[in-house]
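Put together the whole structure using the sequences plus the hints.
Sequence order for the protein chains is A and B.
All the letters of the first sequence, read from the start, carry residue numbers 1 to 111 under the working numbering.
All the letters of the second sequence, read from the start, carry residue numbers 1001 to 1115 under the working numbering.
Think of the hints as simulated: they come from the structure by calculation, not from any bench.
Values in this document were obtained by computation on a predicted structure and should not be read as measured data.
Some hints could be false.
[Said to hold, decoys possible] Residues on chain B that point at chain A, a partial pick, calculated with CB under 7 Å:
(1) Leu1039
(2) Gly1042
(3) Trp1048
(4) Pro1097
(5) Asn1102
(6) Gly1107
(7) Gly1109
[Unchecked claim] Okay, the calculated bits of chain A under chain B, using three or more residues with CB under 8 Å as the criterion:
(8) 40-46
(9) 75-84
Cβ coordinates follow ideal geometry from the N, Cα and C atoms, glycine included.
If you want the building blocks of each chain, they are given just below.
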Amino acid sequence: SQELEQSPQSLIVQEGKNLTINCTSSKTLYGLYWYKQKYGEGLIFLMMLQKGGEEKSHEKITAKLDEKKQQSSLHITASQPSHAGIYLCGADMDSSYKLIFGSGTRLLVRP
Amino acid sequence: EAGVTQSPTHLIKTRGQQATLRCSPISGHTSVYWYQQALGLGLQFLLWYDEGEERNRGNFPPRFSGRQFPNYSSELNVNALELEDSALYLCASSPGPGSGANVLTFGAGSRLTVL
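This is the structure we're talking about:
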């Protein structure tokens, strides 16, 4: 969706390196959700951010929401091969309970 | 607790045929969402059902339709199949509007191939 732009589209990193994925919205966000998808499978919920400035962490993954910039970032510290997959950001753009997703960022972590 | 289940896992059809995909939500969830993930097109919102009613619809032609049953399970029907309908169809469920944060739980998907 052009309403949610993700960057980069793909990323290849060496195991142990840090990385950041960005998600930028063209509209006000009413909730920003991060999901991970293994190729050809369903999506796994990672984190939800609702308030500007909010930051959440789970294991080695941290997500932040910059409400003013209408942008969220997902940061992985000390990446591992298990982090490989497609990361998608989703957002409720108009408080309609309909989640729109970005095009995803494909991550490959080389051992 | 069982997650969101979808059937069939794979489905092969020919152009012009009809396809029916099924989804069972997590127990207690009243909302069911359908998404299409075609190669190179990302995850596209198809339909949202809650309490048996269609609440929202994405930008898809009328030959994409569905329904939600009293037990909250749902089916997606695609009529007059076209080659470009080949995709992974993902179903997700959530507790429904008014329950706060709308975290969707996804199924593993049904892969539809149209020949």
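Numbered hints the structure breaks, given as an ascending list: 1, 9
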